[in-house]
Amino acid sequence: MLLSTSLPLAIVIPAAVLIVIAAVFAVLLAFLGRKLEVKRDEKVVQVESLLSGANCGGCGYAGCSAFAEALANGKADLSACNATSKANKDKIAAILGTVNDGEEMSFVVCCNGGSACEDKYDYHGYGDCASMELLAGGRKACPVGCMGAGTCVKHCDHHACSIGDKGYASIREDRCTLCGKCAKSCPKGLIKKIPARAKVYVACSNHAKGKDVRSYCKGGCIGCGMCMRNCPEGAITVVDNLAVIDYAKCIGCGACVAKCPSKCIKTREE
Amino acid sequence: MNPYFVIIIGAIFVNNFVLNQFLGICPFLGVSKKTNTALGMGFAVIFVMSIASVFTYLVNEFVLVKFGLEYMKTIAFILIIAALVQSVEIVIKKFSPSLYSALGVYLPLITTNCAVLGVALLNVEKAYNLVQSFLNGVFAGVGFTLAIVLLAGVRERIVPKNVPESFRGFPITLIAAAILSMAFSAFSGMFGIV
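The listed protein sequences correspond, in order, to chains A and B.
Position 149 of the first sequence, counted from 1, bears residue number 148 in numbering that gives the first Met the number 0, the numbering being contiguous throughout.
Position 143 of the second sequence, counted from 1, bears residue number 142 in numbering that gives the first Met the number 0, the numbering being contiguous throughout.
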């Protein structure tokens, strides 16, 4: 028996044995760590450093690092990420050897109804737009009118969505991280992507005939074509009774905003 | 009776680590929301328990006993298990990425699991030899897997049900675990194993 009865040794020996065991493991771990180091793919590291780092999950992956890995493996598409800036996306595309054709986008709510749009019924039920939608397609007379019950507000983690005093949703761009959860959550699909540089947008999604739209909503697009005729660049067309802006041509002069009788083409600042 | 058979049945059913000895309750409750994650956790525990049993046996036999330091076994075993899990993680990360991603986050999680330490200490207490220690480690892990998968199955069925509000979530899980534990107590004395 090596253990001495004298007190100092009774402490020193166990401590020494433990220290030796620990040291052996420390050396082993250090050795293994050095020898068997798994090199993370250089591409993945670079891509991840260029992604926004918002970890919003808007792309459908667990976070930016999972998305970076999927990108490097060619499983994901760069356009799935809304939060990364265009400059960084270009750099990522260069690393991946692909082309970034998407441009920086932002989200707008394409409805101008709210209190200007008639209600079909008074809703006293539980919940938000999603549950209202189940009851005869929502309370608004317009089949694609914002119901203003705040499903997007609930889904936004950054307090960017709100229901204004006009009764429809709006998005504060300074808070928006472009995660896209609101767009997915809206049962009417009213939250749409437009280029971030766009100055104007059509705040209506209704394809019904002008007369029908007029009958229930004062703010809806009636497809009159005033914007189309007054646009100096020919950027606006009326498709299925709804004005559509071609942002490749739009110069943001605001002629359409001034001429629209329903005031449903809006400038972004509003 | 064959002593190996006794160890196997004892580790899985009669002295189930979770349900009869109440070790490793933390992962048992924490990772039992879904059956497949529970299964992943179970396999990680089997894996770690079996290698931990072997290594702690060797260290105990050839280091601690030799220096008369058996009373230090708890702290020494913690050290060994932690270092072992880390090195195993490094090795399988290198040589078997698929196994690494299958075990995933559970492997480092169970570094400090008391069930793993418990298996090592019980091996010493019961004076098992190397083979017996290894068997006890493997089948204690199997017992853990059985328990956690059973609870996960129960939880998956309970969650969508209309549970009274005060019992919803964790309380009903604890009740389910308790009933499961009582059911397992029926195994005590099976084949004369205590």
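Please note that the accuracy of each hint is not assured.
Claimed, not checked - Reference excerpt, derived from the structure (chain B facing chain A, CB under 10 Å, subset only):
hint, residue
1, ILE24
2, VAL58
3, PHE66
4, LEU68
5, ILE74
6, SER86
7, ILE89
8, PHE94
9, LEU98
10, ASN128
11, GLY191
Said to hold, decoys possible - Derived pair list, reagent style BS3-like, types lysine-lysine, alpha-carbon separation capped at 27 Å:
hint, chain 1, residue 1, chain 2, residue 2
12, B, LYS93, A, LYS42
13, B, LYS33, B, LYS125
14, A, LYS42, B, LYS33
15, B, LYS92, A, LYS38
16, A, LYS210, A, LYS165
17, A, LYS42, A, LYS85
No wet-lab data here; the hints were simulated from the structure.
Even for Gly, the Cβ is constructed at its ideal location relative to N, Cα and C.
Against the structure, the hints:
The interface hint given for ILE24 (chain B) is broken, as the beta carbon of that residue sits about 28 Å from the closest beta carbon of chain A, more than 10 Å. With a cut of 10 Å, the hint placing VAL58 (chain B) at the interface with chain A holds, because the nearest CB-to-CB distance is about 7 Å. Contact between PHE66 (chain B) and chain A, as hinted, is supported at the beta carbon level, the nearest pair being about 5 Å apart and thus within 10 Å. Look at LEU68 (chain B): its Cβ gets to within about 5 Å of chain A, closer than 10 Å, so that hint holds up.
The beta carbon of ILE74 (chain B) is positioned within 10 Å of a beta carbon in chain A (closest approach about 7 Å), and the interface hint is therefore held. Because the beta carbon of SER86 (chain B) sits about 5 Å from the nearest beta carbon in chain A, less than 10 Å, this interface hint is met. The beta carbon of ILE89 (chain B) comes within 5 Å of a beta carbon in chain A, closer than 10 Å, and the hint placing it at the interface holds. With its C-beta approaching chain A no nearer than about 8 Å, PHE94 (chain B) sits inside the 10 Å limit, and its interface hint holds.
Because the beta carbon of LEU98 (chain B) sits about 13 Å from the nearest beta carbon in chain A, more than 10 Å, this interface hint is broken. Against a cut-off of 10 Å between C-beta atoms, the interface hint on ASN128 (chain B) is violated, since the closest Cβ of chain A lies about 22 Å away. Taking 10 Å as the C-beta cut-off, the interface hint given for GLY191 (chain B) is violated, the closest approach to chain A being about 38 Å. With a CA separation close to 19 Å, the supplied pair LYS93 (chain B) and LYS42 (chain A) stays within the 27 Å bound.
The straight-line distance between the Cα atoms of LYS33 (chain B) and LYS125 (chain B) is roughly 35 Å, outside the 27 Å bound, and the hint therefore fails. Distance hint between LYS42 (chain A) and LYS33 (chain B) is unfulfilled; the C-alpha atoms sit about 34 Å from each other, more than 27 Å. Restraint check for LYS92 (chain B) and LYS38 (chain A): satisfied, since their Cα atoms lie roughly 11 Å apart, inside the 27 Å limit. Straight-line distance between C-alpha atoms of LYS210 (chain A) and LYS165 (chain A) comes to about 23 Å, which keeps the hinted pair within the 27 Å bound.
Distance hint between LYS42 (chain A) and LYS85 (chain A) is fulfilled; the C-alpha atoms sit about 19 Å from each other, no more than 27 Å.
Hints 1, 9, 10, 11, 13, 14 from the list above are not met by this structure, while the remaining hints are.
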